[in-house]
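With the sequences and hints as input, model every part of the structure.
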Amino acid sequence: MPIATRKRKADSTTASADATSEPQRKLTKVSKALQKDSISQEQAALPATPQTLTSDKGMDSDDDFNSVASSMDLGEEMSSSVDFGAGESDVDIDDDYQDDGAFDATAKDLAPKRKHFEVEFKVYSPQDIQSQQDTQIAEVANLLEQPSEATAILLRHTRWNKERLIEQYMDNQEQMLDKAGLGQEINQNPPRVVVKNGFTCDICCEDGPGLETFAMNCNHRFCTDCYRQYLTQKIKDEGEAARIKCPGDGCRKIIDAKSLDLLVPNELTDRYHQLLMRTYVDDKESLKWCPAPNCVYAVECGVKKRDLNKIVPTVHCECKQSFCFGCTLPDHQPCPCVLVKRWIKKCEDDSETANWISANTKECPKCNSTIEKNGGCNHMTCRKCKNEFCWMCMGLWSEHGTSWYNCNRFEERSGTDARDAQAKSRQSLERYLHYYNRYANHEQSARLDKDIFHKTERKMTLLQSTSGMSWIEVQFMEAASQALQQCRQTLKWTYAFAYYLARNNQTEIFEDNQKDLEMAVENLSEMFEKPTDQLAGLKVEMMDKTTYCMRRRVILLDDTAKNLKEETWKFNVELR
Amino acid sequence: MTTPLPKRIIKETERLQSEPVPGISAVPHDDNARYFDVNVEGPGGSCYEGGVFSLELFLPDDYPMCPPRIRFLTRIYHPNIDRLGRICLDVLKNNWSPALQIRTILLSIQALLGAPNPEDPLNEAVAKQWKENQAEAIKTAREWTEKFAQKK
Ligand SMILES: [Zn+2]
Ligand SMILES: [Zn+2]
Ligand SMILES: [Zn+2]
Ligand SMILES: [Zn+2]
Ligand SMILES: [Zn+2]
Ligand SMILES: [Zn+2]
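Residue numbers (our numbering), protein chains in the order written: chain E, 60 to 635; chain X, 8 to 159.
There could be a bad hint or two in this list.
Pairs of lysine-lysine residues, derived as DSSO-like cross-links and limited to a Cα-Cα distance of at most 30 Å, are as follows [claimed, not checked]:
1) E/K343 - X/K18
2) X/K14 - E/K304
3) X/K18 - E/K304
4) X/K100 - E/K295
5) X/K14 - E/K255
6) E/K295 - X/K18
7) X/K14 - E/K295
8) X/K18 - E/K255
9) X/K100 - E/K304
10) E/K238 - X/K100
Honestly, the hints are just simulated from the structure, not real lab data.
Below, the structure is given as structure tokens:
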């Protein structure tokens, strides 16, 4: 096992570098990518599969990625310099390293390198987003010499495209103000509530003395009660904020924050500002809300819609949720968004055919006794005949480590037996089931892995008191469990990806990577099924296997992402 | 109806009686002041001329913050009115303003009869016919008007 020992050496470098860069990086990802030297060591150490060579080349040609990154910053829309420009993010990265006391000078000297599957992004709190808006409003207000309430309306009108706003404003101020629903003289007549003699409200028909009224400078005057009721309905029932018009018939004047504050109770202004924040994020292509329930953070990423066939932009929220910036589904690397959408639809359509596959029980292929799966591990041993087999393909487990055995690859049958239509459709169903089976299996296994980890964790906690192991010492279990979750998530999507992949020279490398990751995952998963009292002694081994899993995952993702970017994958469907 | 009728509805109803809009009538039910029987005459010069169309109109609790609910009871061949008599009209949806009234809405409906808009159809089949063979569509509208919309 010389490979294993050398491997461990490389692991420790990676692991320690990872550990130092991991803690509280507030906004980002980039950090992880810098262990250039440890990676080349690792490449030397790993079994020489071709992808190590290609990915080595990849590390040096990061330029193409940077070009993606810079086109993000200077996209057509010219996302303004006020908001998170490129310069600012560089500063952030430097700060990150400085905060990181453990980083030595050599690491710092290295330019931050991103892996092919990583994208640059930032996470913002609601306060960050508010101040972003405020900064932009203040800047533009100053430039246009307009009050900030009016500027806010103008910016929202142009969906926060500062350049376009300024250009159009300079071009034809009157028209711009009118289009945005502002009208002239916004500088005069600050909004106020007045009592007018002989006034009848057109909405409620009240005309009593002392009736309080309000009108914006469009002069559509109504009593404050009606105005309040109108605004309440818009905000509360209709969730409107940025584009609430004057209640006057046919009037396009937009209500501003100051008028609103004057008319509605505080609880409603809070809601109003929340909604404004929503539209701010919704209006900007580079911002998205984290999809996790109750999460208040938003993520900024420069990857544009049109880039989504070349990159799968997974981002990581402060709340630990990893999601795709393109479609906001949970992380689905390496599978591009379009294929994910297609796959999910296909699985829904074919759910009945596929359902029986993901069942929890199967028969032992040797003695036919029923076997129930209760852990994530796919290495099954029949209680009765001791037959060891693979849950996914039902093949002998002993053959899974060898180079010729392909649990993950679907073998197309030779053309002869697929001549008639029926045979063809049967084969296409078989092909689909092959990939679906594995996709569904990793999904299910991830759940089972988690269950078993929680059970084990409880036992470990008990064990702690008897064995004298401290809490910190059992953390390796947690790390292993998380790695399993992450790797199975990736594996799951490799099968959807593979389903749409047309064979070419690259696919073999992909399948090797997939197989390697799968084996690494199963090896780690298997450890969780060991009796609890043995686990303490397996700490080092488990940590090794965890690191190895994560590394195989990075290799697989980097290779698929690089080929996606370079458009070397051939798909059997249109990427549209 | 336990809640008293808002002043706004009382005033509107009074005015509908005292200054009726020519070609339009709206009479509230005795037992439900929010429910109106409406008659609208087809505008002169349109393919609905000579017809009298009856509609039902209901003022929901949040009227006038929300628009009234209106539906044709008389069958009508029109690209913006479907088989259930529902009407596709901007002022009854997004462009509703609480400053609008029953009378203004009924006038808009009458105007819609005078100017069918097949580009924003509610009734796809009728709209298609209207675009492809307008003469034929107008003929059908006339026939329907004669058949279904005569004064009783
Ligand atoms: Zn009023
Ligand atoms: Zn107005
Ligand atoms: Zn989140
Ligand atoms: Zn996606
Ligand atoms: Zn057996
Ligand atoms: Zn297998």
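Tested hints:
1. E/K343 - X/K18: At roughly 47 Å apart (the allowed maximum being 30 Å), X/K18 and E/K343 break the hint.
2. X/K14 - E/K304: 25 Å, holds
3. X/K18 - E/K304: Holds: X/K18 and E/K304 sit about 26 Å apart, inside 30 Å.
4. X/K100 - E/K295: Roughly 18 Å between the alpha carbons, so the hint for X/K100 and E/K295 holds.
5. X/K14 - E/K255: Holds: X/K14 and E/K255 sit about 20 Å apart, inside 30 Å.
6. E/K295 - X/K18: Given pair E/K295, X/K18 holds - Cα atoms ~28 Å apart, limit 30 Å.
7. X/K14 - E/K295: Within the cut-off at roughly 25 Å; holds.
8. X/K18 - E/K255: Roughly 21 Å between the alpha carbons, so the hint for X/K18 and E/K255 holds.
9. X/K100 - E/K304: 14 Å, holds
10. E/K238 - X/K100: Holds - the C-alpha atoms of X/K100 and E/K238 are around 21 Å apart, at most 30 Å.
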